[in-house]
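Protein chains in written order, with my numbering: chain P, 27 to 358; chain Z, 22 to 325; chain U, 28 to 356.
No lab work stands behind these hints: they were computed from the structure. Don't be surprised by glycine CBs; every beta carbon is placed ideally from N, CA and C. Hints should not be assumed to be uniformly reliable.
Just a few of them, taken from the derived set where beta-carbon distance is under 8 Å, the chain U residues facing chain P [said to hold, decoys possible]:
1) 211
2) 212
3) 215
4) 216
5) 237
6) 278
7) 289
8) 290
Derived list of chain U stretches under chain Z, where covered just means 3 residues or more per stretch with a C-beta under 8 Å from a C-beta of chain Z [stated by the list, open to error]:
9) 99 to 109
10) 112 to 120
11) 139 to 146
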Amino acid sequence: MSAAAEPAAAPLLQVRDLHVTYGVRAGAIPAVRGVNFDLAVGETLGLAGESGCGKSSLAGALLRLLPRGTQVTGTVLLDGEDVLTMKPGRLRAVRWTELAIVFQGALHTLNPVQRIGRQIGEAISLHSPGTRGGAVSKRVGELLELVGIPARRAQDYPHQLSGGQRQRVLIGLALACEPRLLIADEPTTALDVMVQAQVLRLLDDLQQRLGLAVIFITHDLSTLAAVCKRIAVMYAGRIVEEGPSHEVFDVPAHPYTRALAGAFPVIGDPAFRMNPSGLAGDPPDPRELPSGCPFHPRCPEAEEACTSADVELWPAGPSRRAACIHVPGAPR
Amino acid sequence: MSAVAAPSARRITWLRRRRALGSGWREYRRNTPGMVGLVLLVLIVLMAIAAPLLADPAGLHAVNTVNNPAWANPAKFHPLGTDHLGRSVMTQVIWGARISLLVGLAATVLAMLIGSVVGITAGFFGGWTESILMRLTEWFLVIPFLPLAIVLAAILGPSIQNIILVIGITSWPFPARLIRAQVLTMKERLYVDRSRALGASEWHLMTRHILPNVSGLIIANTTLTVPVAILSETTLSFLGLGDPSRASWGKMLQESFEAGALTQQAWWYYVPPGVGILLVVLAFTLCGQALEEVLDPRLRDRRE
Amino acid sequence: MKDAPLLEVSDVHVEFRGRHGVARAVDGVDLTMRSGEIVALVGESGCGKTTLARTIVGLQTPVSGEVRLRGSALPRSRKALREYRRSVQMVFQDPTGALNARQTIYEAVAEGVRIQRVPGNEEELVAQALSRAGLRPPERFFARYPYEISGGQRQRVIIAGAMALNPSLLVADEPVSSLDASVRGEILALMLRLVRETDIGILVVTHDLGLAWNVADRVAVMYLGRIVEQGPTEELLTHAHHPYTRALLSVVPEIADVEPQILAGEAPDPTRIPAGCRFHPRCPLVASGEAARLGIEERCRGEDLALAPVPGSNQVVACHAVADAPVPA
Chain P
27 MSAAAEPAAA
37 PLLQVRDLHV
47 TYGVRAGAIP
57 AVRGVNFDLA
67 VGETLGLAGE
77 SGCGKSSLAG
87 ALLRLLPRGT
97 QVTGTVLLDG
107 EDVLTMKPGR
117 LRAVRWTELA
127 IVFQGALHTL
137 NPVQRIGRQI
147 GEAISLHSPG
157 TRGGAVSKRV
167 GELLELVGIP
177 ARRAQDYPHQ
187 LSGGQRQRVL
197 IGLALACEPR
207 LLIADEPTTA
217 LDVMVQAQVL
227 RLLDDLQQRL
237 GLAVIFITHD
247 LSTLAAVCKR
257 IAVMYAGRIV
267 EEGPSHEVFD
277 VPAHPYTRAL
287 AGAFPVIGDP
297 AFRMNPSGLA
307 GDPPDPRELP
317 SGCPFHPRCP
327 EAEEACTSAD
337 VELWPAGPSR
347 RAACIHVPGA
357 PR
Chain Z
22 MSAVAAPSAR
32 RITWLRRRRA
42 LGSGWREYRR
52 NTPGMVGLVL
62 LVLIVLMAIA
72 APLLADPAGL
82 HAVNTVNNPA
92 WANPAKFHPL
102 GTDHLGRSVM
112 TQVIWGARIS
122 LLVGLAATVL
132 AMLIGSVVGI
142 TAGFFGGWTE
152 SILMRLTEWF
162 LVIPFLPLAI
172 VLAAILGPSI
182 QNIILVIGIT
192 SWPFPARLIR
202 AQVLTMKERL
212 YVDRSRALGA
222 SEWHLMTRHI
232 LPNVSGLIIA
242 NTTLTVPVAI
252 LSETTLSFLG
262 LGDPSRASWG
272 KMLQESFEAG
282 ALTQQAWWYY
292 VPPGVGILLV
302 VLAFTLCGQA
312 LEEVLDPRLR
322 DRRE
Chain U
28 MKDAPLLEVS
38 DVHVEFRGRH
48 GVARAVDGVD
58 LTMRSGEIVA
68 LVGESGCGKT
78 TLARTIVGLQ
88 TPVSGEVRLR
98 GSALPRSRKA
108 LREYRRSVQM
118 VFQDPTGALN
128 ARQTIYEAVA
138 EGVRIQRVPG
148 NEEELVAQAL
158 SRAGLRPPER
168 FFARYPYEIS
178 GGQRQRVIIA
188 GAMALNPSLL
198 VADEPVSSLD
208 ASVRGEILAL
218 MLRLVRETDI
228 GILVVTHDLG
238 LAWNVADRVA
248 VMYLGRIVEQ
258 GPTEELLTHA
268 HHPYTRALLS
278 VVPEIADVEP
288 QILAGEAPDP
298 TRIPAGCRFH
308 PRCPLVASGE
318 AARLGIEERC
328 RGEDLALAPV
338 PGSNQVVACH
348 AVADAPVPA
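Working from the sequences, and respecting the hints, build out all of it.
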């Protein structure tokens with residue numbers, strides 16, 4: 027349950043106790059192990075984490091785009107309606123018109139042999155079957171202009187566009203049916219710093235103009251601090267810290283967040299000169315999670331109690347929570 | 022500090038090879054069609070090897086079978102009846118397996134040898150070498166198999182060696198192209214660059230990095246080329262271009278056709294060799310496909 | 028600290044011929060490095076930094092110009108090139124792709140030792156190299172495969188393989204960009220330690236300015252095949268002079284109090300390098316009219332220029348606005 031003092035308006039998205047388990051011959055792999063969060067209309071939430079933390083599984087679960095055989099439990103309430111129990115027809119109607127996603131590695135998601143205008147048009151036609159060709163083209167043009175691409179480029183093939191432009195097309199594609207929630211899974215990871223800045227500015231602009239709620243997923247904690255209002259940090263399938271983005275980045279409460287933040291040196295700060303800091307080891311294998319707090323094998327502040335403690339998100343300040351026994355709100 | 026003595030370099034290589042084989046076999050075992058094919062193949066090969074024990078070779082020659090009834094059906098003459106000359110069909114099937122398998126394997130080995138050398142050389146060296154070799158390959162590709170085979174057989178004369186030669190010469194372009202394509206992909210891999218940066222010679226790159234990764238493709242392709250070679254041999258023998266002195270399944274089909282087995286309704290003469298060919302082709306194809314699946318992930322260096 | 032430079036790159040040009048014309052990937056670069064220093068070569072994709080790195084290692088042949096290692100030129104003959112490679116080694120961007128999945132860790136590290144016929148007991152050399160790269164106890168890793176170890180460990184194996192040859196120069200192409208963020212520090216710390224222990228020189232190619240701040244002694248910024256600014260890290264990253272560097276620094280998320288200058292478009296491709304100063308079509312000074320005000324706009328559009336020292340500092344810049352700046356009192 028969110029401790030934030032949100033106004034009376036019901037949240038757009040409410041995720042409760044979400045679990046995602048991949049069924050594999052060799053054994054079940056729990057990718058997401060009980061995630062809870064709320065997202066208000068027009069709010070931006072950053073989901074930070076590295077490979078194996080479950081963030082992409084989480085994104086896929088929200089839209090029910092995971093491979094067959096994956097077990098998803100919990101509730102995902104979109105405006106009060108549970109996405110996980112929707113009938114296929116209703117789900118198809120909701121996908122893209124309410125909830126849309128821009129994928130990781132999206133540069134390869136565009137069909138290389140179809141003109142981009144046609145690909146965007148396809149999304150529109152699928153959801154509004156009655157729309158006539160002329161209206162579709164017009165909308166395609168509008169969308170391209172919206173994301174900063176001249177409308178005439180609709181005739182181009184993906185390979186004729188640069189990386190940054192392709193990413194914009196994917197954002198345009200995601201916005202084709204005017205969703206209220208956009209999930210962006212590592213949208214700028216493969217892009218250069220300047221292009222990344224362009225795309226981030228675009229997202230910010232769109233978010234303000236269209237009142238879009240955004241879930242921004244990336245490992246780049248510094249980007250999230252600049253772009254999102256709140257951040258949730260994931261590790262080993264759970265949220266280990268959440269709070270206002272600048273606070274989480276500047277004064278992390280959880281040791282993992284601290285290590286992650288340390289990987290983004292602040293230019294100009296002498297404290298970051300010639301002293302790279304990093305964690306040893308790797309994120310744990312979801313099939314063989316350590317006992318107690320899953321982070322303890324790599325934690326610089328681990329103690330005896332960490333190997334057996336049942337960690338939960340405990341209060342770590344106003345509107346902040348962290349899953350570590352060292353935070354002020356943890357039981358002693 | 023470790024209490025275990027470090028394994029020597031040679032032992033590590035050996036360990037690695039053994040592990041790779043072990044995991045490969047376990048993977049293959051999981052493939053049911055592959056196992057079926059393997060069992061079938063083993064049975065057929067055993068039958069061919071054990072031919073002298075299973076059937077008297079004398080029964081292949083008409084002079085020795087004058088006393089047998091001609092056109093006897095399986096009920097009258099076990100187990101598969103006799104042909105128009107009184108020879109036991111079963112004997113011919115068992116001994117015919119030898120020829121079919123021998124020609125199939127030998128021709129395939131020849132084709133793969135030529136194809137691999139051409140493919141790897143063309144892919145690895147590029148430039149003029151590649152252009153010349155690929156034009157050669159294409160030239161051989163467009164020549165229709167049957168007319169070429171007939172002409173060659175007519176020139177060289179019908180014999181087992183010549184059949185092997187003919188099939189080998191006409192089949193090598195297919196693996197050559199596949200292997201070249203694979204080599205081209207391998208050449209672009211980052212670990213080839215790394216090896217170069219460490220100072221590796223072209224020969225080292227070819228033998229240490231490219232060849233091991235192409236060998237899987239070669240093996241799988243070999244297994245899939247054998248049935249093609251066997252069918253080719255069958256065709257040539259059926260057309261009368263095979264070795265007249267040796268029994269083979271194709272020859273059996275030819276003789277049954279010419280002797281009028283169809284009109285005689287002596288199905289036991291032409292069905293067994295046909296079924297035999299079918300089973301051998303099936304066995305090799307199943308094994309080949311299973312091998313491809315087992316070796317493919319490694320070809321792509323994907324392990325996670 | 029030795030006096031003679033470790034690495035001297037003089038006016039190197041590297042070209043690629045393609046369907047769309049000639050791409051001048053590296054278009055006249057000068058760079059010097061000393062032993063015991065870490066230089067960061069910074070730039071976005073397409074600027075030619077990776078091509079330059081590969082040229083220094085000998086994987087790419089320059090069309091003109093010279094690369095000298097401790098005075099001796101980069102050789103062309105195969106045999107001499109192999110000798111050269113004992114002194115210059117490379118660390119790759121993708122540690123997973125750079126290791127042959129069929130080779131064990133032992134074989135991966137021993138490969139260089141065998142090719143170069145490094146004197147000594149092979150097993151000891153491999154164990155030493157692995158240890159030095161932080162993989163301890165080394166014996167535990169001998170029989171393992173790349174897929175059985177983590178990304179960070181794979182990069183350590185690559186570093187071990189390179190260090191086993193005892194090079195004087197290490198060229199690291201985006202050494203940590205494909206690794207998890209929290210693990211990057213370890214690899215960077217390893218590189219710092221190697222420099223301290225062996226006086227090796229490291230050229231780090233990266234797009235990440237934060238990384239440069241973290242570990243580099245000097246920074247060189249590349250744009251479209253040329254170095255446009257160079258200098259000691261602390262000076263350059265806190266007081267950049269070239270408009271491109273300033274724009275890059277302004278969009279780095281960690282710096283919150285600077286107005287981001289987001290440049291329009293993307294860098295043109297190397298087959299169509301603009302006339303004059305190659306940055307002028309995207310330069311904020313030209314776009315805002317500042318260049319006109321300074322009276323240099325014509326030169327920006329028409330006059331190509333080389334790196335020139337910035338008065339009163341240790342930096343060099345290729346910018347008409349700075350060349351014209353008054354000398355500080």
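Next on the checklist: Need the list of violated hint numbers for this structure, in ascending order.
Outcome noted: No numbers; nothing is violated.
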